[in-house]
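**Student:** Chains as they are written, first to last, in the numbering used here: chain B, 3 to 117; chain R, 17 to 126.
Any given hint could turn out to be false.
Unchecked claim - Straight-line distance between alpha carbons at most 25 Å, and here's what the computed SDA-like set of lysine to any residue pairs gives:
hint : chain 1 : residue 1 : chain 2 : residue 2
1    : R       : 72        : R       : 31
2    : B       : 59        : R       : 83
3    : B       : 59        : R       : 60
4    : R       : 72        : R       : 56
5    : B       : 59        : B       : 80
6    : R       : 52        : B       : 83
7    : R       : 86        : R       : 110
8    : B       : 73        : R       : 112
9    : B       : 59        : B       : 82
10   : R       : 52        : B       : 42
11   : B       : 13        : B       : 68
12   : B       : 59        : B       : 115
13   : B       : 13        : R       : 55
14   : B       : 13        : B       : 83
15   : B       : 73        : R       : 31
16   : R       : 52        : R       : 85
17   : R       : 83        : R       : 71
18   : R       : 72        : R       : 110
19   : R       : 52        : R       : 124
20   : B       : 13        : R       : 111
21   : R       : 86        : B       : 19
22   : R       : 83        : B       : 103
23   : R       : 86        : B       : 68
24   : R       : 52        : B       : 4
25   : B       : 59        : R       : 112
26   : R       : 84        : B       : 74
27   : R       : 52        : B       : 28
28   : R       : 84        : B       : 103
29   : R       : 84        : R       : 21
30   : B       : 16        : R       : 56
31   : B       : 16        : B       : 57
32   : R       : 72        : B       : 98
33   : R       : 72        : R       : 28
34   : R       : 52        : B       : 26
Said to hold, decoys possible - Estimated spans, in silico, between C-beta atoms of each pair:
hint : chain 1 : residue 1 : chain 2 : residue 2 : range
35   : B       : 53        : R       : 97        : 35 to 45 Å
36   : B       : 53        : R       : 31        : 39 to 49 Å
37   : B       : 53        : R       : 85        : 37 to 47 Å
38   : R       : 31        : B       : 83        : 34 to 44 Å
Just so you know, these hints were derived from the structure itself, not from any lab. Glycine is no exception: its CB is placed at the ideal position from the N, C-alpha and C atoms.
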Amino acid sequence: DTGVSQDPRHKITKRGQNVTFRCDPISEHNRLYWYRQTLGQGPEFLTYFQNEAQLEKSRLLSDRFSAERPKGSFSTLEIQRTEQGDSAMYLCASSPGQGNNQPQHFGDGTRLSIL
Amino acid sequence: GEDVEQSLFLSVREGDSSVINCTYTDSSSTYLYWYKQEPGAGLQLLTYIFSNMDMKQDQRLTVLLNKKDKHLSLRIADTQTGDSAIYFCAEKGGSYIPTFGRGTSLIVHP
């Protein structure tokens, strides 16, 4: 089953460190999304790619956050100078590129804990 | 902005039906989704419905949509302990980005 794959599953780091997460979408999916989820909340949108182009960014995506999808396949999400408030589950999702009616398929997420 | 509301908890007995409700505010919503999330995992798509439909049935799952009242429900027949999870309602209008509710935690007890 080649679903959405995220790596690592868990990341524990000290405040102030940089972290990078990777997402491999379903291979034929052109669209890729990053979300953040905190306890008791639904996923909150961070950013969205169509192929390699980053088309939309949420106000939640501060200057410390950057996402790339250089070849239109896998994507990385980097957080610089991590803060306590960055502790969350970071979810990646992908969907096919045709039309607006295709649902998103999620990976199992990367859980980030800031000490 | 758009808002999606769900009750936070639902407790049912094994074998009973579960009904999880959701209300949304975006009148331009065209697609509505139900996702399931188990502990430590991502969201699993259960089913979705287009706004021009009133009902969709898929095995034990029945989705009802009342577009006038902006109300969506998910009925799970013959609920099993394996159905215990958090269920998220999401709606999508003209953009590619859905808005999610806070999730309903379904607890199934023997």
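**Student:** Now tell me if each hint is right for this structure.
**Tutor:** To see whether the hints hold, each was checked on the structure:
Restraint check for residue 72 of chain R and residue 31 of chain R: the C-alpha separation of about 21 Å stays at or below 25 Å, so the hint holds. With a CA separation close to 29 Å, the supplied pair residue 59 of chain B and residue 83 of chain R exceeds the 25 Å bound. Proposed proximity of residue 59 of chain B and residue 60 of chain R is supported: the alpha carbons are some 24 Å apart, at most 25 Å. Of the supplied pair hints, the one linking residue 72 of chain R and residue 56 of chain R is violated, its CA atoms being roughly 29 Å apart against a limit of 25 Å.
Under the criterion of a C-alpha separation no larger than 25 Å, the hint pairing residue 59 of chain B with residue 80 of chain B is consistent with the structure, at around 14 Å. For the given pair, residue 52 of chain R sits about 33 Å from residue 83 of chain B by alpha-carbon distance, which is inconsistent with the 25 Å threshold. Taking the CA atoms of residue 86 of chain R and residue 110 of chain R, the gap is near 16 Å; set against the 25 Å cutoff, the hint holds. Proposed proximity of residue 73 of chain B and residue 112 of chain R is supported: the alpha carbons are some 21 Å apart, at most 25 Å.
The straight-line distance between the Cα atoms of residue 59 of chain B and residue 82 of chain B is roughly 17 Å, inside the 25 Å bound, and the hint therefore holds. Restraint check for residue 52 of chain R and residue 42 of chain B: satisfied, since their Cα atoms lie roughly 14 Å apart, inside the 25 Å limit. At most 25 Å may separate the alpha-carbon atoms for a hinted pair to count; residue 13 of chain B and residue 68 of chain B meet this at roughly 17 Å. With a C-alpha separation of about 23 Å, the suggested pairing of residue 59 of chain B with residue 115 of chain B holds against the 25 Å cut-off.
This hinted pair checks out: residue 13 of chain B and residue 55 of chain R have alpha carbons roughly 17 Å apart, not beyond 25 Å. For the hint linking residue 13 of chain B to residue 83 of chain B, the alpha-carbon distance of about 15 Å falls within 25 Å, and the restraint holds. Distance hint between residue 73 of chain B and residue 31 of chain R is unfulfilled; the C-alpha atoms sit about 49 Å from each other, more than 25 Å. The straight-line distance between the Cα atoms of residue 52 of chain R and residue 85 of chain R is roughly 24 Å, inside the 25 Å bound, and the hint therefore holds.
Taken as a hint, the residue 83 of chain R and residue 71 of chain R pair is honoured in the structure, with Cα atoms around 11 Å apart against an allowance of 25 Å. Using a Cα cut-off of 25 Å, the hinted pair residue 72 of chain R and residue 110 of chain R holds, with the two alpha carbons roughly 22 Å apart. With a CA separation close to 14 Å, the supplied pair residue 52 of chain R and residue 124 of chain R stays within the 25 Å bound. Distance hint between residue 13 of chain B and residue 111 of chain R is unfulfilled; the C-alpha atoms sit about 32 Å from each other, more than 25 Å.
A threshold of 25 Å between alpha carbons decides the hint, and for residue 86 of chain R with residue 19 of chain B the separation of about 44 Å lies outside it, so the pair is violated. For the proposed pair residue 83 of chain R and residue 103 of chain B, the alpha carbon gap of about 17 Å is at most 25 Å, so the pair holds. Restraint check for residue 86 of chain R and residue 68 of chain B: not satisfied, since their Cα atoms lie roughly 36 Å apart, outside the 25 Å limit. Between the alpha carbons of residue 52 of chain R and residue 4 of chain B the distance comes to roughly 19 Å, so the proposed pair stays at or under 25 Å and holds.
A C-alpha spacing of about 12 Å is found between residue 59 of chain B and residue 112 of chain R, which places the hinted pair at or below 25 Å, so the restraint holds. This hinted pair does not check out: residue 84 of chain R and residue 74 of chain B have alpha carbons roughly 40 Å apart, beyond 25 Å. Only pairs whose Cα atoms come within 25 Å are accepted, and residue 52 of chain R paired with residue 28 of chain B is accepted, the gap being roughly 19 Å. A distance of roughly 21 Å separates the Cα atoms of residue 84 of chain R and residue 103 of chain B; the hinted pair therefore holds under the 25 Å criterion.
A hinted pair counts as satisfied when its Cα atoms are at most 25 Å apart, and residue 84 of chain R with residue 21 of chain R qualifies at roughly 16 Å. Taken as a hint, the residue 16 of chain B and residue 56 of chain R pair is honoured in the structure, with Cα atoms around 22 Å apart against an allowance of 25 Å. At most 25 Å may separate the alpha-carbon atoms for a hinted pair to count; residue 16 of chain B and residue 57 of chain B exceed this at roughly 31 Å. The straight-line distance between the Cα atoms of residue 72 of chain R and residue 98 of chain B is roughly 22 Å, inside the 25 Å bound, and the hint therefore holds.
Only pairs whose Cα atoms come within 25 Å are accepted, and residue 72 of chain R paired with residue 28 of chain R is accepted, the gap being roughly 22 Å. Between residue 52 of chain R and residue 26 of chain B the CA atoms are separated by roughly 21 Å; this keeps the pair inside 25 Å, and the hint holds. Between residue 53 of chain B and residue 97 of chain R the beta carbons are some 42 Å apart, a value that agrees with the proposed interval 35 to 45 Å. One distance hint, 39 to 49 Å for the beta-carbon pair residue 53 of chain B and residue 31 of chain R, holds here, with the actual separation near 48 Å.
Against the hinted window of 37 to 47 Å, the Cβ-Cβ separation of residue 53 of chain B and residue 85 of chain R comes to about 39 Å, which satisfies the hint. For the hinted restraint 34 to 44 Å between residue 31 of chain R and residue 83 of chain B, the CB-CB distance of approximately 52 Å leaves it violated.
In the structure shown, a violation is registered for the earlier hints numbered 2, 4, 6, 15, 20, 21, 23, 26, 31, 38, in ascending order.
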